[in-house]
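Participant: Heads up: the protein sequence lines correspond to chains A, V and F, in order. So that you can map any letter, position 162 of the first sequence is 161 in numbering that gives the first Met the number 0, and since no number is skipped, the others follow by simple counting. So that you can map any letter, position 87 of the second sequence is 86 in numbering that gives the first Met the number 0, and since no number is skipped, the others follow by simple counting. So that you can map any letter, position 28 of the third sequence is 27 in numbering that gives the first Met the number 0, and since no number is skipped, the others follow by simple counting.
Everything labelled a hint here was simulated from the structure, so no lab data went into it. A few of these clues could be false.
Cross-link-like lysine-lysine pairs, in silico, PhoX-like; alpha carbons within 20 Å at most [to be verified]:
1. 129(V) <-> 159(V)
2. 222(V) <-> 268(V)
3. 187(V) <-> 242(V)
4. 190(A) <-> 278(V)
5. 187(V) <-> 213(V)
6. 190(A) <-> 1(F)
7. 270(V) <-> 201(A)
8. 201(A) <-> 278(V)
9. 187(V) <-> 233(V)
10. 1(F) <-> 201(A)
11. 268(V) <-> 278(V)
If you want the ones that stay clear, here's a sample from chain A, every Cβ over 12 Å from chain V, calculated [as the list claims (entries may be wrong)]:
12. 39
13. 68
14. 82
15. 105
16. 119
17. 148
18. 152
19. 196
20. 201
In this text, a Cβ means the ideal position worked out from N, Cα and C, and glycines have one as well.
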Amino acid sequence: MIVAEQKKLAELKQLIGEAENVLVVGCGTCVTVCFAGGAREAAIAATSLRMASRLDGAERDVSDVTVQRQCEWEYLDQLADQVAAADVVLSLGCGVGVQALVEHFPDAWVVPGLNTSFLGLPTEQGVWAERCAACGDCILGLTGGICPIARCSKSLLNGPCGGSEAGHCEIDPNVPCAWHLIVDRLQGMNKLHVLLDLQPPKNWRAARDGGPRTITRDDLRLAAEED
Amino acid sequence: MTTPDTKNGYLAGSNLERVLRAGHFAVTGELGPPQSADAAVIREKAALLHGVCEAVNITDNQTAIVRMSSIGAGTIVLQEGLEPVIQMTCRDRNRLAIQADLLGAYALGMRNLLCLTGDHQTFGNHPTSKNVFDIDSLQLVRLVADMRDREVFQCGDPFKGEAPRFFVGAAAAPFADPIDFRPYRLAKKVAAGADFIQTQLVYDVPAFARYMEKVRELGLAEKTYILAGVGPLKSPGMARYMKNNVPGILVPDELIERMSAAGAPWAGKGKDELTKEDKRARAEAWQQEGIQICVELIQQLREIPGVAGVHIMAIEWEEAVRPIVEGAGLLPRPVVPAAETAAT
Amino acid sequence: MKRIQDLLAQIGLESERVRMVNLSSAMSGQFAAVAAEMTEQVTALGPSPLRRAEARPTETGEGPVPPAPDGNLGEQP
Chain A
0 MIVAEQKKLA
10 ELKQLIGEAE
20 NVLVVGCGTC
30 VTVCFAGGAR
40 EAAIAATSLR
50 MASRLDGAER
60 DVSDVTVQRQ
70 CEWEYLDQLA
80 DQVAAADVVL
90 SLGCGVGVQA
100 LVEHFPDAWV
110 VPGLNTSFLG
120 LPTEQGVWAE
130 RCAACGDCIL
140 GLTGGICPIA
150 RCSKSLLNGP
160 CGGSEAGHCE
170 IDPNVPCAWH
180 LIVDRLQGMN
190 KLHVLLDLQP
200 PKNWRAARDG
210 GPRTITRDDL
220 RLAAEED
Chain V
0 MTTPDTKNGY
10 LAGSNLERVL
20 RAGHFAVTGE
30 LGPPQSADAA
40 VIREKAALLH
50 GVCEAVNITD
60 NQTAIVRMSS
70 IGAGTIVLQE
80 GLEPVIQMTC
90 RDRNRLAIQA
100 DLLGAYALGM
110 RNLLCLTGDH
120 QTFGNHPTSK
130 NVFDIDSLQL
140 VRLVADMRDR
150 EVFQCGDPFK
160 GEAPRFFVGA
170 AAAPFADPID
180 FRPYRLAKKV
190 AAGADFIQTQ
200 LVYDVPAFAR
210 YMEKVRELGL
220 AEKTYILAGV
230 GPLKSPGMAR
240 YMKNNVPGIL
250 VPDELIERMS
260 AAGAPWAGKG
270 KDELTKEDKR
280 ARAEAWQQEG
290 IQICVELIQQ
300 LREIPGVAGV
310 HIMAIEWEEA
320 VRPIVEGAGL
330 LPRPVVPAAE
340 TAAT
Chain F
0 MKRIQDLLAQ
10 IGLESERVRM
20 VNLSSAMSGQ
30 FAAVAAEMTE
40 QVTALGPSPL
50 RRAEARPTET
60 GEGPVPPAPD
70 GNLGEQP
């Protein structure tokens with residue numbers, strides 16, 4: 000899932016600026032699960048902003064609403080009236096949610112309430128860790144299902160580098176060395192030979208480096224069917 | 000080793016390659032460029048290393064701190080009559096920049112290249128920068144070998160003119176984790192095309208001997224020249240720091256004790272009791288012991304089959320290299336003229 | 000609890016206004032002591048700044064009229 004963190008209140012206040020009517024929009028999917036932008040967080044953010052604005056002597060009307068998925072336009076339709084009435088929409092969705100709101104409501108001024116961090120999972124309650132870099136050319140089949148692109152600090156394809164120590168990465172004792180994990184796993188499964196081939200330079204074009212990405216499936220497109 | 004296919008019988012014909020091919024025990028040094036544009040610093044350090052080693056590594060933004068570029072400093076080193084080993088990391092350049100810089104380095108006369116991954120930028124003085132890691136060090140080895148042996152760019156296109164011919168090096172960290180995989184990683188580097196290897200600092204000779212045994216078992220010692228990394232300890236504190244804080248460096252307690260013993264005459268005194276003279280004398284005693292230990296390490300490493308030379312890392316203490324090389328009985332350095340073995 | 004205290008501070012309220020104490024039903028003495036201590040602390044902090052803010056003029060000049068320096072809303076003689 001997409002893992003995000005809420006911005007500090009001071010930054011939210013700055014983003015809202017002088018607006019008198021603020022609509023906080025939560026999202027019921029990924030950011031609900033990571034406790035950053037669900038219904039509860041949206042309500043708390045709205046309350047906090049109301050209280051803070053009153054203390055600042057510039058009281059604002061801050062309301063909140065949460066949709067099931069901010070990244071799909073059909074879920075946004077129900078917000079049309081509220082968005083139209085707001086001076087600023089504070090999205091507690093991920094970066095996709097913010098942009099979905101902008102694209103669906105071109106006249107609205109939408110600002111982000113979260114910092115979208117990574118694609119990952121909770122490793123324990125209260126801890127989330129990155130697992131995928133969405134590089135567009137999955138190599139998990141070569142590495143025993145542990146991703147060095149997302150989890151090696153240097154995204155090495157022929158690791159481990161010399162900075163691996165006692166199972167952790169040189170950058171931080173709390174960051175496991177992905178290549179140590181890979182070697183251990185393949186060794187345990189008698190598949191270490193998989194790592195002995197030289198992996199050629201990666202095709203980064205499939206990643207963000209190739210420019211913004213789009214996937215088109217003609218078998219699913221309604222427009223294509225009409226042709 | 001790749002079969003030389005040039006007219007003169009060498010892959011690159013660098014001094015380092017000639018000395019190694021002639022079967023001499025090779026010595027390389029290291030020179031850290033300044034955090035400034037001061038050419039004089041390079042010239043001074045080059046003078047200290049002149050005549051005591053075949054070639055000197057010029058570090059590439061080592062520990063991710065911005066310094067004069069390796070190729071820039073290497074050009075000055077060449078002017079001073081010393082042969083550089085250009086270090087190149089994958090941290091700061093993509094494959095376009097790497098290849099462009101390699102063409103420039105070759106045109107400027109550089110013939111040795113050490114391919115490195117590079118320390119992560121979080122360690123350096125620009126921790127908020129973006130890293131590159133478009134390719135890794137093994138892919139870089141292959142890229143440079145292909146430039147020489149297949150005369151192509153990484154993309155497969157041929158050169159429009161002269162191809163750069165480097166003597167290609169890679170690093171090895173024999174004691175870094177996961178330790179069992181290290182000989183295999185070396186095997187990959189050799190398969191990728193590494194002509195020579197420089198290792199991380201070795202202080203634990205028996206542990207290194209065990210590593211070399213595995214390396215020989217894999218048949219790597221015949222395929223590449225392995226230069227064991229050594230460096231003089233400056234103080235017991237430095238020894239302890241490396242033991243505890245630097246990944247992949249084993250410092251036996253016995254060596255730390257030897258360093259401490261060297262400072263024993265001053266050990267009883269508290270910090271305030273030590274005069275400036277005391278401190279200087281103690282530092283000197285430590286340094287003497289550090290150099291002596293380094294000499295002994297070289298002598299022991301030389302006995303290990305498959306060790307083709309040593310790489311002496313004495314950054315910011317270049318003065319120590321001459322006494323070390325001299326103490327190890329490795330002076331004068333051999334001279335192998337380019338023409339002498341041209342027929343091989 | 001720390002998160003709420005942090006949030007209160009970010010909003011501009013004293014984080015001491017909220018506290019969580021775990022007590023069993025057998026600890027009546029401690030309960031009374033904590034309640035008294037909390038009351039004392041909150042009394043010392045005074046009325047919530049939010050209440051005070053209700054009577055404060057907004058920056059744009061709209062809202063309640065500010066008390067005159069010598070008006071009735073000042074200190075009683």
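Participant: Taking the hints in turn, state whether each one holds.
Facilitator: Hints, one by one, checked against the model:
1. Between residue 129(V) and residue 159(V) the CA atoms are separated by roughly 32 Å; this puts the pair beyond 20 Å, and the hint is violated.
2. Pair hint residue 222(V) plus residue 268(V) does not hold up; C-alpha atoms about 53 Å apart against a cutoff of 20 Å.
3. Pair hint residue 187(V) plus residue 242(V) does not hold up; C-alpha atoms about 27 Å apart against a cutoff of 20 Å.
4. For the proposed pair residue 190(A) and residue 278(V), the alpha carbon gap of about 56 Å is over 20 Å, so the pair is violated.
5. Simply put, residue 187(V) and residue 213(V) have alpha-carbon atoms about 14 Å apart, close enough for the 20 Å limit, and the pair holds.
6. In summary, the hint linking residue 190(A) to residue 1(F) is not supported, as the alpha carbons are separated by about 47 Å, beyond the 20 Å threshold.
7. For the suggested pair residue 270(V) and residue 201(A), the alpha carbons sit about 55 Å apart, so the restraint of at most 20 Å is broken.
8. Straight-line distance between C-alpha atoms of residue 201(A) and residue 278(V) comes to about 54 Å, which puts the hinted pair past the 20 Å bound.
9. With a C-alpha separation of about 34 Å, the suggested pair residue 187(V) and residue 233(V) falls outside the 20 Å cut-off, and the hint is violated.
10. For the proposed pair residue 1(F) and residue 201(A), the alpha carbon gap of about 45 Å is over 20 Å, so the pair is violated.
11. With a C-alpha separation of about 11 Å, the suggested pair residue 268(V) and residue 278(V) falls inside the 20 Å cut-off, and the hint holds.
12. Residue placement check: residue 39(A) keeps its beta carbon more than 12 Å from all beta carbons of chain V (closest about 33 Å).
13. Non-interface status of residue 68(A) relative to chain V is upheld: no Cβ of that chain comes within 12 Å, the nearest being about 31 Å off.
14. With a least beta-carbon separation of about 35 Å from chain V, residue 82(A) lies farther than 12 Å from that chain, consistent with its non-interface assignment.
15. No beta-carbon of chain V comes within 12 Å of the beta-carbon of residue 105(A); the shortest separation is about 32 Å.
16. In this structure residue 119(A) is separated from chain V by more than 12 Å, as the shortest Cβ-Cβ distance comes to about 19 Å.
17. Not every beta carbon of chain V lies more than 12 Å from that of residue 148(A), the smallest distance being close to 10 Å; the non-interface claim is violated.
18. Its closest Cβ contact with chain V, about 5 Å, brings residue 152(A) to no more than 12 Å, contrary to its assignment away from the interface.
19. Non-interface call for residue 196(A) relative to chain V: violated, since the shortest CB-CB distance, roughly 8 Å, does not exceed 12 Å.
20. At roughly 8 Å, the least C-beta separation between residue 201(A) and chain V is not larger than 12 Å, which violates its mark as non-interface.
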